[in-house]
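Asks: In the working numbering, the protein residues as written are 20 to 329.
Calculated directly from the structure, the hints in this document are not laboratory data.
Certain hints may be false.
[Unchecked claim] Have a look at the derived ranges for each label pair, beta carbon to beta carbon: (1) GLN239 with ALA79: 38 to 48 Å; (2) TYR98 with LYS213: 57 to 67 Å; (3) GLU181 with ASN153: 47 to 57 Å.
Even glycine gets a Cβ: it sits at the ideal position worked out from N, Cα and C.
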Amino acid sequence: MAPIMQVESFRVFRDLVETKSFSRSASLNGITQSAVSQQLRSIETRLRVPLLERTSKQFALTREGQLLYEASREIIAHYQRFQHQLEEMRNIISGNIRLVAVPSVGIHELPPYIREFLKTFPQVKIQVDYRRSNEVYESVTDGDADVGFVAFPSPRKGLKVETFKKDTLHIIAAPGHPLMKRGAVALSDLGQFKMVSLAPETPTRQGLDKILAARGLRFQPKMEFDNVETLKNAVEIDAGVAFLPKSVVAKELASGSLVVLAHAGPPILRPLGVVSRASRVVSPAVKRFLKAFKGGKTTVPSGGPENLPE
Numbered sequence: 020m021a022p023i024m025q026v027e028s029f030r031v032f033r034d035l036v037e038t039k040s041f042s043r044s045a046s047l048n049g050i051t052q053s054a055v056s057q058q059l060r061s062i063e064t065r066l067r068v069p070l071l072e073r074t075s076k077q078f079a080l081t082r083e084g085q086l087l088y089e090a091s092r093e094i095i096a097h098y099q100r101f102q103h104q105l106e107e108m109r110n111i112i113s114g115n116i117r118l119v120a121v122p123s124v125g126i127h128e129l130p131p132y133i134r135e136f137l138k139t140f141p142q143v144k145i146q147v148d149y150r151r152s153n154e155v156y157e158s159v160t161d162g163d164a165d166v167g168f169v170a171f172p173s174p175r176k177g178l179k180v181e182t183f184k185k186d187t188l189h190i191i192a193a194p195g196h197p198l199m200k201r202g203a204v205a206l207s208d209l210g211q212f213k214m215v216s217l218a219p220e221t222p223t224r225q226g227l228d229k230i231l232a233a234r235g236l237r238f239q240p241k242m243e244f245d246n247v248e249t250l251k252n253a254v255e256i257d258a259g260v261a262f263l264p265k266s267v268v269a270k271e272l273a274s275g276s277l278v279v280l281a282h283a284g285p286p287i288l289r290p291l292g293v294v295s296r297a298s299r300v301v302s303p304a305v306k307r308f309l310k311a312f313k314g315g316k317t318t319v320p321s322g323g324p325e326n327l328p329e
């Protein structure tokens, strides 16, 4: 009879399969890459079956490996559920919550939620990392983050993606812009003036282009940027007007270094989304954070890192 395997071995193997990377599995479990290889060999020796079919650059699961992977997922899920139930029975809300967000959401939307949550659960530690939108989805998928936050969320396989808020994109300009002399600006009039925007590959730019196209409009920005902070700075030096949410420019509007230009027609809404793993058991701390977040109050602007990509 094969010796009993440790829970950690099941976790390492599960992460190896899901990340398709020895180095990523090692990082997630706080061990070396060689230790992952050693554990894999040890499991194969114990079970007396090959688990992977190796090539020069990648690997595929054998039938036995697929069976062990499915069992590993169930075992880890049951073990985590047991741990979390114990914590809830003891009314223990502690541990780490790893958040990942695009800068415009992480810098300007999350801080008030985090502050309120930590007042209630001071034993919890929250880490926030800033990434591009596609990297937010990847971080949650790979298990590097518990929860992600993006603008213009889109469905992804294996992920639970929910819209938690819709904010309004306003036309932002430097003081003294000619359009300030008009009342409600017609969006079609913007084509007569310089415009700056986020880069075409960003979800916010793509979403904005679709909204404008539905209204029969298409603009050619003079300059494009990969994050809202540098875009905001460009508007401040009068490089052009831009569509930005008020939360991003709240300080500049208060100081008078930027102004909002009212426009005719319906508002342009930017949905914000929260991303989590659909299949993973979450800790009581993460569960409470998501509950508090979805039932939380409106956000206020806050400072944060600059010049990070969206």
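Asks: Quick check: which numbered hints come out false for this structure?
Replies: 3
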